[in-house]
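Protein chains in written order, with the numbering used here: chain U, 65 to 304; chain P, 69 to 324; chain X, 15 to 197.
No wet-lab data here; the hints were simulated from the structure. Check the hints yourself; a few may be wrong.
As the list claims (entries may be wrong) - Result set (DSS-like, lysine-lysine): computed pairs, CA atoms no more than 27 Å apart in a straight line:
#1 P:86 <-> X:196
#2 U:192 <-> P:71
#3 P:313 <-> U:122
#4 U:190 <-> U:230
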Amino acid sequence: MKTAVKTENLTKLYGKTKAVDCLSLEVKNGEFFGFLGPNGAGKTTTIRLLTGIIRPDKGKAMINENLPTNSIEAKLIAGVMPESQGLYEWMTAIEYLLFFAHLYGVHDPIKAAVEKLAIVGLSNEKNKRIGAFSRGMRQRISLARALINEPKILFLDEPTLGLDPKGQEDIQNLLKTLNTEGVTIFYSSHLLNEVAQLCSRIAVIHHGKLIAQGTITQLQEQTGLTNDSLKDIFLKLTGE
Amino acid sequence: MFKYILVTELQASLYTWKSTVWFLITSAIFSFTSYLFLTDKELSLLDQTEMLWLISKIIIGTALLIITVDASNTINAEFEKETAESLFLTPLTTKDFVLGKLLASLALWIAIYLISIPYIIVVSAGSHLTFAFVIYVLMLGTMIILGFQMMIFGISFLFRSSKNTLTTSLIILLALVIPATFSSTLKNNSLSHFLSVINPVDNVFSSLDNVLVDYKIAISSNLLYIIPVLIFCLAAFTFMLYSIKLFKRSGIVNKD
Amino acid sequence: MHKINSFIFFVLLLIVCFTSANSILADSSSFSLPPLNINILSKQTLNGIAGDYVTVSAEITNISQKTITNITTYLSMADEETKLPVDLEDWSAEKGLFIGTIDSKQKLPLDWKIHFVKPGKYSLIVIAEINGENQPLTSNITHFTVSPKHNLNPGQVLPVALGMPLFLLIIMMFATYIRRAKS
Chain U
65 MKTAVKTENL TKLYGKTKAV DCLSLEVKNG EFFGFLGPNG AGKTTTIRLL
115 TGIIRPDKGK AMINENLPTN SIEAKLIAGV MPESQGLYEW MTAIEYLLFF
165 AHLYGVHDPI KAAVEKLAIV GLSNEKNKRI GAFSRGMRQR ISLARALINE
215 PKILFLDEPT LGLDPKGQED IQNLLKTLNT EGVTIFYSSH LLNEVAQLCS
265 RIAVIHHGKL IAQGTITQLQ EQTGLTNDSL KDIFLKLTGE
Chain P
69 MFKYILVTEL QASLYTWKST VWFLITSAIF SFTSYLFLTD KELSLLDQTE
119 MLWLISKIII GTALLIITVD ASNTINAEFE KETAESLFLT PLTTKDFVLG
169 KLLASLALWI AIYLISIPYI IVVSAGSHLT FAFVIYVLML GTMIILGFQM
219 MIFGISFLFR SSKNTLTTSL IILLALVIPA TFSSTLKNNS LSHFLSVINP
269 VDNVFSSLDN VLVDYKIAIS SNLLYIIPVL IFCLAAFTFM LYSIKLFKRS
319 GIVNKD
Chain X
15 MHKINSFIFF VLLLIVCFTS ANSILADSSS FSLPPLNINI LSKQTLNGIA
65 GDYVTVSAEI TNISQKTITN ITTYLSMADE ETKLPVDLED WSAEKGLFIG
115 TIDSKQKLPL DWKIHFVKPG KYSLIVIAEI NGENQPLTSN ITHFTVSPKH
165 NLNPGQVLPV ALGMPLFLLI IMMFATYIRR AKS
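Next up, chain U with everything else stripped away, as it sits in the complex (with noise of 0.2 Å):
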């Protein structure tokens, strides 16, 4: 099975802090993979590392097997949902996803911006200000964008993060169908009993390095919590 996303012994420093120390990890290509750390664990950094938004201090990482994750092919691949919410406020549902679509070189733009809104719900909303949107509404409209270019590998930091809960419903079944299509999804998120729902692997990360990564059963017999739940498991690996 081909990799999907490949680090090997990423590094990311802030002045004399490790964000992210030594992260090699590997995700196969239609994976559902999770991506679990307590806040400031280095989560955003190393998506952030992935998607060519930052570079690494030490090490590489790749995308779709050998593309360098700053390349344009890179990006053409990859969706992101980020964790900030930055949205041009000013700007209608539809004529945002169409920038985007027309940033990516979307062949059918119009048509890619319609059927994306329909995808997470917001149809009704099409012209309608960003700056009107619901907390909710801003999630949806930012995983649409994620989604405009038709991604092979989908990047998502705390995509549920502030939606009630037939929101996060949604949306989790929306990746449950996408990664059925054959979409990576790399998952980042603290949310536990949501990752242990959804993603098939999962890896624990902790003061910027790597602590476990495998299934659920896997961790169990790492840690020795073979009844427990991935919280347990979770507490035990990060000290918390």
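Following the hints, position chains P and X against chain U.
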């Protein structure tokens, strides 16, 4: 790809009233000064050429101020509103990003220039200087505005803060504009003369004086003033490139 | 004898009178006419409107018996309403005219071009200073009036001054309307 950035910026200016309010204020300034110059006040007794020169300085000075405010914000707003990350996740290159922003900011100057044309025509009526006025304000104004924009973009990439960029840019603007308004009697010593030669704003004003007051319309007669402005643009461009290089090295998000 | 005495007395009286007259005439500083006469010729043509450029024409005549050299002539003006002297530089009339030599009985023209910059009532004199003399010489005072210039719409500025902001406002409102109609 830069055209999408350009179009989006222009739409933002139009739909958010940001630039349109500036245009309205600019037009009000031009209306007030042109009316004042032409009606029954002491100013109306100036020679027409002196009046044209003053008005050309007002047009360029107003544009410089507005562009300084706009350019200080246009790049930093993307970082401060956290929209830069989503932009650079796309295949958009830094070059296209900067080019789009630069052209959008330049479009602001072009709009101010177009607004000033009816005033230029009215004030220069009968002087046979209308065409020269229009052409030279466009040429010199575009050069100095472009230079300022590139300089401010360079500062933006270094500071990544609209407040700091605006403060620094305004100080630089004042430092260049104020000496340019001094009369020639205050520029008699060698230091003042040297500063006058390297000051791009001073050179723009002097060239306009040369054209409008002394009737020296030929480009060759104004090369002495145009060359320092071009050098300033080149220096600003180099500074902007250097800042972008530093920006790329530190990353689009330079803090976690 | 009486007749001879009267005749001698009469001759002595004549000598005294003649000598006194000579000495009085010699002391020109107390009782002699000024050597130069300055006359403003454009008394009737100076009135004008603010913004006008007018020429103050004057004539200087050497009415003395000898040639006079090194004379500097200049204008002086006062505002009759404020009772203050006028700064001639504002009126472009600050220059002095120098006369190297003026022969006896010779007349020379003097011209100053001035720019009427402020309406009001003014008085004007021409002053001549002879090099080496303590007392300057002046012309008679000439009074003139500068009328204000009234033009509410010179060069069709009003349509532009009012029309442009209005035009831009309409564009802004139209753009906002289109935007709201879309959303």
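We went through each hint and held it up to the structure:
1. P:86 <-> X:196: Since the Cα atoms of residue 86 of chain P and residue 196 of chain X sit roughly 20 Å apart, the hinted pair holds (cutoff 27 Å).
2. U:192 <-> P:71: holds (24 Å)
3. P:313 <-> U:122: Roughly 19 Å between the alpha carbons, so the hint for residue 313 of chain P and residue 122 of chain U holds.
4. U:190 <-> U:230: holds (21 Å)
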